[in-house]
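Engineer: Residue strings, one per chain:
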Amino acid sequence: MQNLKALSYRLRQNVVEIIMAGRAGHIGGDMSVMEILVALYFHAMNISPENRDDPNRDMFVMSKGHCVEALYAVLAEKGFFPIEKVIGEYSRFASPFIGHPNNKLPGIEMNSGSLGHGLPVAIGMALAQRMDGRSSRTYVVMGDGELAEGSVWEGAMSATQYRLDNLCAVVDRNRLQISGSTEEVMHQDSVEARFAAFGWGVLSVDGNDVDALCAAFDAAKRTSGKPTLIVANTTKGKGSAVMENKADWHHHVPSMEEYGQIMADLKAREAALSRQAEVPGGCGERGARE
Amino acid sequence: MNTITNRQIICEVLMERAKADRDIVVLCSDSRGSASLAPFAKAFPEQFVEVGIAEQDLVGISAGLAKMGKKVYAASPASFLSTRSYEQVKVDCAYSGTNVKLIGISGGVSYGALGMSHHSAQDIAAMAAIPGMRVYLPSDRFQTRRLFEALLADEKPAYIRTGRNAVEDTYSQASCPFEMDRATVVCEGTDALIVACGEMVRPAKDAAALLKAEGISAAVLDMYCVKPLDAEGLLSCAAGKRLVATVEEHSPFGGLGSMVAQVIGANDPKRVVNLSLPDAPVVTGTSKEVFDYYGLNAEGIARAVRQKL
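Residue numbers (the numbering used here), protein chains in the order written: chain A, 1 to 290; chain B, 1 to 309.
For the record, the hints were derived by calculation from the structure and aren't laboratory data. Certain hints may be false.
What the hints assert, rightly or not - Below, in silico cross-link-like pairs of lysine-lysine (BS3-like), each with a Cα-Cα straight-line distance of 25 Å or less:
1. A:K85 with A:K104
2. A:K104 with B:K19
3. A:K104 with B:K42
4. B:K212 with B:K288
5. B:K212 with B:K19
6. B:K227 with B:K90
Unchecked claim - If you want the footprint, here are the derived chain A segments under chain B, 3+ residues with CB under 8 Å:
7. 81-91
8. 127-133
9. 152-160
10. 220-226
Just so you know, even glycine gets a beta-carbon here, dropped at the ideal spot from N, CA and C.
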């Protein structure tokens with residue numbers, strides 16, 4: 001049994017180590033998306049190194065591919081590869097641990113990096129699962145800045161045309177992109193209403209709350225006749241005041257001083273969450289797939 | 001005169017195979033009529049996906065299906081498929097390595113009178129520049145059948161361009177020599193070599209006949225596999241010739257002519273003349289009128305060979 005809330009803060013520390021060692025990475029989005037990935041990989045999805053070639057596994061597409069450091073930390077924790085290998089090789093010459101997901105690595109299904117690709121690809125996967133009569137599901141994580149890509153809306157249409165209730169999309173709604181506030185760059189304020197208008201089932205939750213996310217993924221599984229969009233309202237740079245809600249931390253390698261403060265903040269938060277009494281049966285303590 | 005289009009043959013082959021192979025999936029972007037795939041959609045509704053007028057979605061969904069083991073055939077006008085969804089082809093098909101066969105229908109100037117928006121004179125260059133993407137332009141209905149039978153047996157992405165109109169046969173039911181990724185020698189010759197692809201193969205064959213009547217011996221090579229270009233077959237046919245002429249329904253840049261010149265220049269330098277569409281908005285009309293205007297017909301090809309030899 002695992003405490004997923006505390007785990008999210010331990011994995012954030014691994015992300016910081018990856019970024020410090022590789023001198024690169026999208027730290028702000030890595031921190032906002034962490035609970036989403038933890039809830040997916042440690043609660044919602046049927047995926048592990050043992051079943052990674054099983055045609056009945058759940059499928060995952062990281063459409064906001066630039067936040068690959070968070071995905072590396074989660075996949076390493078799942079046992080797909082050692083975290084030491086990621087920290088040692090990330091962004092190095094000819095390493096497979098590059099700045100976007102690539103499917104040369106175990107656990108990564110599709111190459112991504114250019115935004116707006118993941119949703120249509122996930123729709124194809126969900127269609128295939130249904131054609132083959134499988135009960136497995138497909139998940140895709142997008143950024144909120146990414147929603148300005150037209151291809152997202154092509155996919156939003158076809159997912160409801162085909163009533164893909166085995167498809168669950170998540171928007172990491174951290175409200176910041178590289179140039180500043182998403183609302184100033186290209187407004188997304190009515191994202192829930194927009195997807196609902198396309199016919200999606202929409203849930204809006206605290207995206208840095210593992211319990212809320214696990215409950216939303218469970219609700220998506222119970223939804224029939226339409227795909228589900230989970231708007232995960234998050235904080236960019238979540239975990240330390242040094243980087244929270246700061247657009248210029250979209251990609252930023254911390255100074256040694258910042259590094260010290262961030263790691264201290266993350267460790268303190270992890271320790272506090274580890275000590276916290278969990279609600280029996282609560283998702284944060286449940287860990288394993290139902 | 002042949003009235004059966006290459007696209008009809010594609011539908012025929014896919015329908016034959018789809019009965020036994022439930023993993024064959026066809027996708028269209030409101031293009032099932034133009035692609036002659038309506039019979040497939042009707043006969044195999046469970047193996048057909050309509051995405052509407054959305055080419056990025058078309059290719060993304062295709063890649064997702066292929067990732068799950070489906071053998072995917074996505075058909076859309078070549079003009080849109082090769083540019084509107086270019087990045088999906090690059091990232092979701094070629095980079096991710098998914099078994100998606102992209103069928104560019106109504107290629108080149110098939111939609112002659114509709115103007116430049118509907119012409120695809122850049123598709124060979126665009127697709128060939130993507131690492132891992134193969135480019136095929138079958139010449140007639142017999143070769144189209146052989147090519148699709150071969151493509152059904154492999155698991156790599158490819159782009160196939162086909163025209164809208166029926167084209168005169170180059171081969172026959174009885175004789176259609178075909179080896180995957182090896183160019184086909186249409187006729188032998190000693191003075192010049194004409195290398196053509198797609199709808200230009202038959203005019204090239206006719207040009208060789210015209211030249212023969214005036215004492216010029218020209219070989220014709222059908223380079224349906226523009227990428228991977230059959231360099232070995234090309235060099236073997238070009239050996240001893242004084243001139244190599246290329247003919248293609250494409251821009252002068254980055255297509256068959258560029259690729260042939262690259263191989264000839266590096267290995268067996270000699271004069272290479274490239275016949276193609278111009279680097280300009282193409283004149284509008286039926287595709288035959290367009291070909292005649294730019295000399296992409298038997299007389300025009302023969303004239304170019306005669307002049308440059």
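Engineer: Hint by hint, note whether the structure agrees.
Structural biologist: For each hint, the structure was consulted:
no., hint, result
1, A:K85 with A:K104, "holds, 15 Å"
2, A:K104 with B:K19, "violated, 34 Å"
3, A:K104 with B:K42, "violated, 38 Å"
4, B:K212 with B:K288, "holds, 24 Å"
5, B:K212 with B:K19, "violated, 47 Å"
6, B:K227 with B:K90, "holds, 15 Å"
7, 81-91, "violated (count 0)"
8, 127-133, "holds (count 5)"
9, 152-160, "holds (count 4)"
10, 220-226, "violated (count 0)"
Figure legend: structure checked against the earlier numbered hints; hints not met, in rising order: 2, 3, 5, 7 and 10.
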